[in-house]
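Colleague: Once you've looked at the hints, dock chain B against the given chain A.
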Amino acid sequence: MPLNSLGNLFGKSPFEPIQEHMKQAQACAAALKPFIDAVLADDWVLAEKAQQVIVDLENEADKLKKQVRLQLPNNLFLPVPRADLLDLVSMQDRIANCSKDIAGLMLGRKMQIPPSLAAALSEYVILAIATSAQAMKAIEELDELLETGFRGREVSLVETLIEELDRLEHSADKLQIDIRGSLYEIERDLPPVDVMFLYQTISLIGELSDKSQKVGSRLQIVIAR
Amino acid sequence: MSIIAEHGQLLLILACLFGFFMAWGVGANDVANAMGTSVGAKALTIKQAILIAMLFEFCGAYLAGGEVTETIRKGIIDPAFVADSPDLLVFGMLSSLLAAGVWLFVASMMGWPVSTTHSIVGALVGFAAVGIDSDAVVWSKVGQIVASWVVSPVMAGTISFGIFLSAQRLILNTQNPFEAAKKYIPYYLFLVGFMIAMVTMTKGLKHLGLGLNFQQCMGYSVIAGIIVAGIGQLFLRRIKDTPSADGRFRFASVERMFAVLMVFTACAMAFAHGSNDVANAIGPVAAIVSVVQSGGVIGAKSALPSWILLVGAGGIVFGLATYGFKVIATVGTKITELTPSRGFAAELGAASTVVIASATGLPISTTHTLVGAVLGVGLARGIAALNLSVIRNIFMSWIITLPAGAGLAIVFFFIFKAIFL
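Protein chains in written order, with our numbering: chain A, 1 to 225; chain B, 1 to 421.
Honestly, the hints are just simulated from the structure, not real lab data. Keep in mind that the hints are not guaranteed to be accurate.
[To be verified] With a straight-line cut-off of 30 Å between C-alpha atoms, the simulated BS3-like cross-links for lysine-lysine are:
1. LYS137(A) - LYS47(B)
2. LYS326(B) - LYS66(A)
3. LYS33(A) - LYS12(A)
4. LYS63(A) - LYS334(B)
5. LYS417(B) - LYS12(A)
6. LYS66(A) - LYS49(A)
7. LYS12(A) - LYS42(B)
8. LYS23(A) - LYS42(B)
9. LYS334(B) - LYS12(A)
10. LYS47(B) - LYS12(A)
So here's chain A without its partners, still in its complex pose:
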């Protein structure tokens, strides 16, 4: 019996799917850790398996992203602007894409990491993953934000989470400068093409933190009024 003004009044909430999508994007980023470990151990069989995991996770994230978009038709009346939510999801999706790009590039070139850079690079990846984890932590507050009507205490709480996210991204930036410096010191002794791609990998990892931070700033736009 389809008659029901009241039943049809309620649209599907986009907030839960957005949280699911962020979880998936973060899973993608987190899967970089075993991948980098395998690369540093020069175990390319394992690295390929780890990369496949990332690709699968990214595919899932894409599906979730599409689902969120379908759930946001333009006749919905939402507590926050629809365009901002769509932006937020795009940015979340870039975390997943960026993780896939990093793994793809490193695996494709069977990239050799100079031993003097290994420790710093590993730390750098961990920091990037931490940044994305912090972005997820902020996104996980969306249901609480909805509960409190996007105002008051909960907004301040999310703002502190976003500040912490900014702080993490700054540390990642600093670390990036250090790693570039170290690479510059030794670049003369390495094959030039390899060096080029090493620089590119470093900036891709930097982009991962950067996109995570941008998720935070999009969230800020969503809640700011």
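Modeller: Same frame as chain A, now just chain B:
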């Protein structure tokens, strides 16, 4: 005159039958909207919702339904025009009932958005204007009723907007929402009890012969509010602040507190619905009964016989039992996004509006009022996603239902006339 004397018994039986059919439609369809919010918010199971609906719809109809019944019975049609031909009034009321009942049945089978109130008002206006005389319709009253259809959703929205904002300020946006809920929910419970008691005593109990003055009403209503708050307290005390299993949603315990409140607002909603919508079914029956029993005298001052209310209440219960539970389940599954902290605000806003309308004798649509109330909560940024095309549906239901009810009533009116005269 002779027709009423000759066929009085038959006409009475037909009136009861049609009234019962109409009430069945109300129980099968309308109640679902009143109760669906609570089921969707998981404050009530379907079984509980049906039990509450049966009890409080009946109470609402019996204790506070008199004014709207009076409006349907003799407010829309000017008695002066039918004084010489009471048989026309009887046929008209019969056709209105049948028209509204048939139209509701067809429309709900087709899935069109319709309202019982609009069907019966459309039918009454239709038969009176075409079958008797266009001046026989008390247009000022009809204008008032139509205006109330616009005013009631707006008013419900405003009230629920305010209630939800207060709940946010007092409970949700505080350091410790759980403790705040424990502290403030009893006040909302008081409000529910007070509001229902006040309307019942000032307007409803007259026909039961209980004349109370305003101070007395006030006093008894305060007592009723305190009693409701006390009962609620018993349930509230049992709820412990347990962090949800995965620790993800921090407001789970607070929502459980609101769910208790929502059980009471659901009762208020059922009461309000009963007080307004039952009249749609029994108002015309009451009119027929008074004409037939007084031997053709119209406007005879007679109290509403309580057995008519029983017919209405019985029809609603029967409708609930045969079909309504299914509709409640369907509506409930569609409203899962509504949490108790929102649902109570919407229900309280809608119930207050409907009860006030009942007290003033204005037949309004409970569903539309509830839609207005939910939109009010949405405007307070309380609801994840609302589908605004429903508002268009509401306008459509006015445009479709009024002429359909009127047209069918006119057809049935002439059929009855042809059979009996």
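Colleague: Within a Cα-Cα threshold of 30 Å, do LYS137(A) and LYS47(B) meet the stated pairing?
Modeller: violated (40 Å)
Colleague: Is the hinted pair LYS334(B) and LYS12(A) satisfied, with a Cα-Cα distance of at most 30 Å?
Modeller: holds (9 Å)
Colleague: Would the hint linking LYS47(B) and LYS12(A) be met if the CA-CA limit is 30 Å?
Modeller: holds (26 Å)
Colleague: Given the hinted pair LYS66(A) and LYS49(A), is their Cα-Cα distance within 30 Å?
Modeller: Roughly 26 Å separates the two Cα atoms, so the pair holds.
Colleague: Take a quick look at whether LYS63(A) and LYS334(B) sit within 30 Å of each other, Cα to Cα.
Modeller: holds (24 Å)
Colleague: Would you mind confirming whether the straight-line C-alpha gap from LYS33(A) to LYS12(A) stays at or under 30 Å?
Modeller: violated (35 Å)
Colleague: Taken at face value, is the distance from the CA of LYS12(A) to the CA of LYS417(B) at most 30 Å?
Modeller: violated (51 Å)
Colleague: Hey, LYS23(A) versus LYS42(B), does the alpha-carbon distance stay inside 30 Å?
Modeller: The hint holds at about 27 Å.
Colleague: Regarding the pair LYS12(A) and LYS42(B), is the alpha-carbon distance no greater than 30 Å?
Modeller: holds (17 Å)
Colleague: Would you check the hint for LYS326(B) and LYS66(A), treating anything up to 30 Å between C-alpha atoms as holding?
Modeller: violated (33 Å)
When held up to the earlier numbered hints, the structure conflicts with 1, 2, 3 and 5 and fits the remainder.
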